[in-house]
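Position one of the sequence shown corresponds to residue 1 (full-length UniProt numbering), numbered consecutively onward.
None of these hints come from the bench; they were simulated from the model. Beta carbons are placed, not taken as given, at the ideal position from N, Cα and C, and that holds for glycine. Do not take every clue at face value.
Here are the in silico distance ranges between beta carbons for each label pair [as the list claims (entries may be wrong)]:
#1 Cys82 - Arg106: 47 to 57 Å
#2 Gln100 - Glu76: 52 to 62 Å
#3 Ser91 - Glu50: 55 to 65 Å
#4 Arg55 - Leu87: 30 to 40 Å
#5 Met115 - Ser91: 30 to 40 Å
#6 Gln103 - Ala66: 22 to 32 Å
#7 Asp110 - Leu87: 50 to 60 Å
#8 Gln116 - Arg80: 31 to 41 Å
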Amino acid sequence: MGPGRPAAAETELPAGPAESQAGPGSGRQPRVPRAASPGAGGQSVSAPEEAPAARQLLEDLRRRLASAFQRAAAREQQSRACIEGALGRLSAELLEMHFQNRQLVRTVLDLNMKMQQLKKEYELEIASKSQSSEDNALNRE
Numbered sequence: 001m002g003p004g005r006p007a008a009a010e011t012e013l014p015a016g017p018a019e020s021q022a023g024p025g026s027g028r029q030p031r032v033p034r035a036a037s038p039g040a041g042g043q044s045v046s047a048p049e050e051a052p053a054a055r056q057l058l059e060d061l062r063r064r065l066a067s068a069f070q071r072a073a074a075r076e077q078q079s080r081a082c083i084e085g086a087l088g089r090l091s092a093e094l095l096e097m098h099f100q101n102r103q104l105v106r107t108v109l110d111l112n113m114k115m116q117q118l119k120k121e122y123e124l125e126i127a128s129k130s131q132s133s134e135d136n137a138l139n140r141e
């Protein structure tokens, strides 16, 4: 830092080939020239020199944003496909459970009818034995 020059004035960088090396994916930010503070006694970068660097910076930001949105859209699409697959599997499982439920209902109804039939047969058999016992008792008298 020279006398009468602030630290910001010394970090000024001229526009040049450094910007082309700091492209997307390089891991470095492009260098943008900074204007010196007015009245600081340093050199300032004029507007025509600043415009290309600003355009490059804006273009780099635009590319990064576009890339980030593309990645986010791809992740969202993959997530949606995963969810749709899970919903499809759950739907198939639910349909299978519904089918099994209907089979169980039929089986229970069939068993209930069979139990009622057996109960009637048993009651008829008991009544028949009781009747024959009474008949035998009357015949003995």
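Going through the hints against the structure:
Evaluation of the 47 to 57 Å hint for Cys82 and Arg106 yields a failure: the beta carbon distance comes to about 37 Å. Restraint check, Gln100 to Glu76: a C-beta distance of roughly 36 Å breaks the suggested window 52 to 62 Å. Range check, Ser91 to Glu50: Cβ separation about 60 Å, and the 55 to 65 Å hint holds. In this structure the hint that Arg55 and Leu87 lie 30 to 40 Å apart at CB is violated, the actual value being about 47 Å.
At about 36 Å, the CB distance of Met115 to Ser91 agrees with the hint of 30 to 40 Å. Gln103 and Ala66 have their C-beta atoms about 56 Å apart, which leaves the hinted 22 to 32 Å range violated. Asp110 and Leu87 have their C-beta atoms about 35 Å apart, which leaves the hinted 50 to 60 Å range violated. For the pair Gln116 and Arg80, the supplied restraint of 31 to 41 Å is violated, since their beta-carbon distance comes to about 53 Å.
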